[in-house]
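Given the structure of chain A, go ahead and fit chain B onto it with the hints provided.
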Amino acid sequence: MNKFSCILLILTTAVLCGSCEKDDLCTPDQAVTPRLVIEFKDLLNPLQNKAVDRIQVQEIGSSTFAPLNTDGSTTLSNTESISIPLRTDSSRTSYNLILTEDGVVNSDNIDFNYILGEAYVSRACGFRVVYNNLVAVQTVETTGNQWIERVIIVEDQVTNNTDVHVQILH
Amino acid sequence: MFKYFISILLLLSCLLSTAQGENEIKNDSLIYQQAYGLRAGIDLASLIRTGIDEDYTGFQILADYRMSKRLYVAGELGAESLDKTSERVDYKTSGSFIKAGVDYNFYQNWLDMDNMIYGGARLGYATMSQTLHRYDYNIDNNYFPVFTNVVDREFSGLNMIWLEIQFGFKVQVLNNLYLTANLQLKRRLSEKTPENFDNLYAPGFGRTFDTNDIGVGYSYGITYRIPFVRK
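Residue numbers (our numbering), protein chains in the order written: chain A, -13 to 156; chain B, 43 to 273.
Looking at chain A on its own, in the form it has when it is part of the complex (with noise of 0.2 Å):
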């Protein structure tokens, strides 16, 4: 009596171990699709970071202001950096860059192309994009005075947060 007891007993504990796995968590350290990380700098002076007053983007066509850094504000005054979102689904992400100065607004356009790539992170996580060979193509306004004067690319392959992709110097 006392084995078949003991049988049953593993028997339910080896049922129920099997049916009780927890899966595996997505940790907001493990590997994320990165976003465009762009610096501010200097017009005369490339190597002298020089902050925006207010700073404010949007895709076009959209009615909602992009997320400017991790915390998702999307408007960001007197900084040096921002780091935004790019498509998953098209290789072109045209964005205003909305500077407002003095109670003047000033929104530039610039389209940023690139070749989408998709890499395995894990069971929990699924798959994330990289963006590889960045191009950043300004629209030249034929009216009306633009903020940024220059936008050079530092990084062209887009794969983590922690590098800066674009330079725009004003």
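Treat the hints as calculated values from the structure; they're not laboratory data.
By construction, the Cβ of each residue, glycine as well, lies at the ideal position given by its N, Cα and C atoms.
Certain hints may be false.
Unchecked claim - Below, a sample of chain B positions facing chain A; criterion: calculated Cβ distance under 8 Å:
1) D97
2) F189
3) F239
Unchecked claim - Taking CB as the label site, the calculated pair distances span:
4) A:R136 to B:D97: 48 to 58 Å
5) B:F189 to A:N55: 56 to 66 Å
6) B:N183 to A:D149: 46 to 56 Å
7) B:R195 to A:G47: 23 to 33 Å
Quick look at chain B alone, frame taken from chain A:
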């Protein structure tokens, strides 16, 4: 992982308590013959799961051959297929596996009893194919609509080799008919993974984990011994 150590402890405590009961029986001078021969059967765990889990089909043959009083050559042969839906990745794995090794009986049989409480070691090999059905991107914002990718990407010619230890018992319930159950702890030695993807499941090994090479499993079944020799 802790759960499995508890299971093993339970198993060991059973071993102790059973052994205490048997000590009261006095040995006598009669010589009882022990059956030697091939023991083969089927795994009921995978059959039952095939019946109740519509995403799973599996079949496994269990076998051992007695070499000496306590040592058995043992192995398993089977096939499994699992269609798994999870939060970020949907996939299907199917293939077959073979495990070969030895079982060592720790149990002291009395008179003509033929039971085992055993520890076993196996080398396992699985060959399988895996199909990626759906996946999501890991994205830290929702500014752009999040698309789920439905594909049908098949990776074939995958394999895995692992080392496995088993703890279990084999109890004779009728003449030459045995019930068997065990718990398995495995460690992956090598594998061929799909390009830009991973082996999320392997037949005979079970599901894999993102962070380590460990696998766990169990089986229970019914086996029959064809007694070639009696000693």
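Hint-by-hint comparison with the structure:
1. D97: Violated: closest Cβ of chain A sits about 14 Å from D97 (chain B), beyond 8 Å.
2. F189: holds, 5 Å
3. F239: holds, 5 Å
4. A:R136 to B:D97: 48 to 58 Å: holds, 56 Å
5. B:F189 to A:N55: 56 to 66 Å: For F189 (chain B) and N55 (chain A) the Cβ distance comes to about 24 Å; the hint is violated.
6. B:N183 to A:D149: 46 to 56 Å: 18 Å Cβ-Cβ, so the 46 to 56 Å window is violated.
7. B:R195 to A:G47: 23 to 33 Å: holds, 32 Å
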